[in-house]
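K.L.:
Each chain is listed here by its residues.
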Amino acid sequence: MATLQDFAVDVRPTWCPGCGDYGIWNALKRAFVQAGFDPEDIMMVTGVGCGSKMNDYMRIGGLHTLHGRSLAVATGFLLANTGRKVITVHGDGDGYGEGGNHFLHTVRRNMGFVDLVENNQVYGLTRGQVSPTSRAGFRSSTSPSGALDRPINPLALALSQGATFVARGLSLDLPQLQYLITEALGHRGYALIDVLQVCVSYNRAMSYDWYRERAYKVEEEEGYDSSDQAVAMAKALEYPGDGRIPTGILYRTEDVPAYEEGIAALSAGPLVEQPLRTRPIEDYEELVREHM
Amino acid sequence: MPVQDISFRIGGEAGQGVESSGAGFSLALTRAGLQVLGTPSYYERIRGGHNFFTIRTIKRREPVLSLAEQVDVLIALNRETIDLHKGCVRPGGLLIADEALGAGEAVAGLDLRLLALPLAEIAEAHGNVVMANTAALAIAAAAVGLPLKYMLGVIETNFGARSRAIAEANTRVATYTYDLATETFGLAFDAPLGDCADAPPRLLLGGNTAFGMGAVMSGCKFVAGYPMTPSTSLLEYMASHADRWGIVVKHAEDEIAAVNMCVGASHAGVRTLTATSGGGFDLMVEGISLAAITESPLVIFLAQRPGPATGLATRTAQADLLMAIHSSHGEFPRMVIAPHTPEEHFRTACRALNIADKYQCLVLVLSDQQSASSFASREKALFDPASLEIERGKWLSTEDLEAQGGYLRYALTDDGVSPRAIPGSHPNAVFLSSGNEHREDGHITEDPAIVRAMAEKRLAKMRGLEGEVRPPLRHGPAQADLTFVSWGSSYGPVLDAVNSLNASGRTANMVHFVDLWPFPKKAALEALGGARRLVAVEGNATAQLASLIRSQTGILIDETILRYDGRGFTTEFILAGLEG
Numbered sequence: 001m002a003t004l005q006d007f008a009v010d011v012r013p014t015w016c017p018g019c020g021d022y023g024i025w026n027a028l029k030r031a032f033v034q035a036g037f038d039p040e041d042i043m044m045v046t047g048v049g050c051g052s053k054m055n056d057y058m059r060i061g062g063l064h065t066l067h068g069r070s071l072a073v074a075t076g077f078l079l080a081n082t083g084r085k086v087i088t089v090h091g092d093g094d095g096y097g098e099g100g101n102h103f104l105h106t107v108r109r110n111m112g113f114v115d116l117v118e119n120n121q122v123y124g125l126t127r128g129q130v131s132p133t134s135r136a137g138f139r140s141s142t143s144p145s146g147a148l149d150r151p152i153n154p155l156a157l158a159l160s161q162g163a164t165f166v167a168r169g170l171s172l173d174l175p176q177l178q179y180l181i182t183e184a185l186g187h188r189g190y191a192l193i194d195v196l197q198v199c200v201s202y203n204r205a206m207s208y209d210w211y212r213e214r215a216y217k218v219e220e221e222e223g224y225d226s227s228d229q230a231v232a233m234a235k236a237l238e239y240p241g242d243g244r245i246p247t248g249i250l251y252r253t254e255d256v257p258a259y260e261e262g263i264a265a266l267s268a269g270p271l272v273e274q275p276l277r278t279r280p281i282e283d284y285e286e287l288v289r290e291h292m
Numbered sequence: 293m294p295v296q297d298i299s300f301r302i303g304g305e306a307g308q309g310v311e312s313s314g315a316g317f318s319l320a321l322t323r324a325g326l327q328v329l330g331t332p333s334y335y336e337r338i339r340g341g342h343n344f345f346t347i348r349t350i351k352r353r354e355p356v357l358s359l360a361e362q363v364d365v366l367i368a369l370n371r372e373t374i375d376l377h378k379g380c381v382r383p384g385g386l387l388i389a390d391e392a393l394g395a396g397e398a399v400a401g402l403d404l405r406l407l408a409l410p411l412a413e414i415a416e417a418h419g420n421v422v423m424a425n426t427a428a429l430a431i432a433a434a435a436v437g438l439p440l441k442y443m444l445g446v447i448e449t450n451f452g453a454r455s456r457a458i459a460e461a462n463t464r465v466a467t468y469t470y471d472l473a474t475e476t477f478g479l480a481f482d483a484p485l486g487d488c489a490d491a492p493p494r495l496l497l498g499g500n501t502a503f504g505m506g507a508v509m510s511g512c513k514f515v516a517g518y519p520m521t522p523s524t525s526l527l528e529y530m531a532s533h534a535d536r537w538g539i540v541v542k543h544a545e546d547e548i549a550a551v552n553m554c555v556g557a558s559h560a561g562v563r564t565l566t567a568t569s570g571g572g573f574d575l576m577v578e579g580i581s582l583a584a585i586t587e588s589p590l591v592i593f594l595a596q597r598p599g600p601a602t603g604l605a606t607r608t609a610q611a612d613l614l615m616a617i618h619s620s621h622g623e624f625p626r627m628v629i630a631p632h633t634p635e636e637h638f639r640t641a642c643r644a645l646n647i648a649d650k651y652q653c654l655v656l657v658l659s660d661q662q663s664a665s666s667f668a669s670r671e672k673a674l675f676d677p678a679s680l681e682i683e684r685g686k687w688l689s690t691e692d693l694e695a696q697g698g699y700l701r702y703a704l705t706d707d708g709v710s711p712r713a714i715p716g717s718h719p720n721a722v723f724l725s726s727g728n729e730h731r732e733d734g735h736i737t738e739d740p741a742i743v744r745a746m747a748e749k750r751l752a753k754m755r756g757l758e759g760e761v762r763p764p765l766r767h768g769p770a771q772a773d774l775t776f777v778s779w780g781s782s783y784g785p786v787l788d789a790v791n792s793l794n795a796s797g798r799t800a801n802m803v804h805f806v807d808l809w810p811f812p813k814k815a816a817l818e819a820l821g822g823a824r825r826l827v828a829v830e831g832n833a834t835a836q837l838a839s840l841i842r843s844q845t846g847i848l849i850d851e852t853i854l855r856y857d858g859r860g861f862t863t864e865f866i867l868a869g870l871e872g
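So the sequence lines, in the order shown, correspond to chains A and B.
Counting from 1, position 85 in the first sequence corresponds to residue 85 in our numbering; the numbering is continuous, with no gaps.
Numbers given in our numbering equal positions in the second sequence, counted from 1, plus 292.
Any given hint could turn out to be false.
[What the hints assert, rightly or not] Derived lysine to any residue pairs resembling SDA-like cross-links, with alpha carbons at most 20 Å apart:
(1) Lys672/B / Glu285/A
(2) Lys686/B / Gly759/B
(3) Lys672/B / Arg289/A
(4) Lys441/B / Glu285/A
(5) Lys686/B / Leu757/B
(6) Lys672/B / Val288/A
(7) Lys672/B / Tyr284/A
(8) Lys650/B / Asp707/B
It should be emphasised that the hints constitute simulated quantities derived from the structure, not laboratory data.
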């Protein structure tokens, strides 16, 4: 049984003091321990951005890729090795902007991995530009007069494309986030966790207090039914908005097979563990005869 | 009229089964022991979507190297075909058409023989009106003296398993028309084409299919792609063989996803492949750089067509050579191979997967529409599965990992190749691979000494790749007045041109490059250095191979025969270019 120490490396995070990424970092490691994973069981695929350096700061299998491409890379990895637990960790610009197309298609396929999006509603690593989740009117170095774009609603978008696990966490609520990640790790199919986090350097208006004043947990609402898609959609549409921010597991169903469950070639086990030639060499003559 | 060398053209509207007719007739000729080269062609710009399929068959041991500009037999499934192609029929050639098409007045005054029967009526009476193409092909078979059994055999192959009724109806239509044509027209040429019963067993296939077959046999386990002509048939080949041969094939949302899925699968440890054409390749270029820095083996099959942008979607070009060699930012090793025949496509699949694994690098296979969609007869012996030897390069076993007590994925080595391990296969096989510059253990660094060492380590693999590179192919006399320089699918037409020139009393030879990067400098200098007159033959407007040779060897080739109208080379085009 692994402990938190087993996930430690000699590399120290370069995040700003007070960054929400620290909370996510801790929640991830604790969830891995809680879910009973060893470092070699995990493949964490990240994009490019402050939070995408997550796998540089942990001892786990890691693939730190390109901006926006982590879902595609994770899909390829998972299809080649269904024997690992795959999780993608990337920011809002990465996941919903540059990687927006991959997001839609990953959701509709119900690819069997966890997708954690660090949503601080600003570009941090490039020093403070408007992001796809920034509120309209957001002033930044690339939107000096205020953004004309309205923010994307990732949870509603995921639900509309048939997502089977849709959750929102907060970087400031470590126990809830650890719970959400642990649940997502056990989910059959694609699990989206949109994590609202502060950016102490470039999005100071949305401070820890700002989130505390608005956030609430859906499961604390009497009779909340996370298996009801319509209810979840109504909750998802509350934020971005002017009012409160619903958090927790908004929607979950275990009734939809994960994409990889339907692949004939994987019935013989993970692809990487199968022999390169699945049949005796003489059987391959069959391919030649198709053209005679 | 040389009876041993006959060219056919079948033309009609989209939906009339032109390509299946052409492919089927090619297969019948192949089974008869004749050598065949067939190529479909699509006129996108003409209303109704005019398609035609050209077949050249030669009764000899050597394969057909090129198509001829003119044909001996024009099979017109509609009137448009007659109007468009009657000028391409050799004097004394045949026009086969339905009586109802009014072919007589269309070709009045031309030196060709019309073989017209009521094809639609015959098809309707003996099978179904859609089988008029079968009737037309039966006239062609009867006219040239191809035994009927080969046509009936292909009908059985194509329809037998699908529907007894359709197979039998086509058989009735073919048999009735064949007999009627023999009786009505007799043999059109001096002697029947017949068959070669003693010919070795042969296949009929094109570059995409041959490459796909080689990839399946060589342990390719993962394919991600997005359809783009003319690469699509490779993706389709892999998809249709996936379940039976244990392969995962993913039609991705776009080429960006496709190449990145391949990087993920490659990192996991399986052999991967993607296929695309120019525009799709453009989208993959960023992903290539990720494969490069993470040292993930990657094979990309790039079937060229004319650009820029959509260009000519269904036609051919050789205009992406310099892009293939120079694509993507940063400096990293790669290999570029341009197979020139179906058997070379077959072997290249295995070779590309092996080299990608051995050097943990990108191997780009540069094909083109001409190679991709042609149907060529080739000896079966060239496609022996047992001839493909799988080499996976340096790997650490779990015992190695256990003994080492740790693992450096990017360990600095003399040859630049660091042994791989399946991620997570052992408690020591836990590592990061990053698109950022990294230390030997994979973690990110900006330390200048390590940055330099990593760049040098990756580029050191070029030395190994240089050892893999083969010299250019040479044909013709060692000393000649004229040396053609070529690459890719123009091989056959250039070789035919060389043979034709030497037969006519001039001396010509050719230097044909298959391995293009790392560029075989020494071999090129040796092959080209003493040439009296060099002529580059390329399917592009800027003589890209000549430019590459100049940059790599200093040799200037200032005479060129370039084709950039979307059509493949013919021997006639090359010989005309030499004169003009």
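K.L.:
Can you list which hints this structure breaks, lowest number first?
P.N.:
Of the numbered hints, just 4 does not hold.
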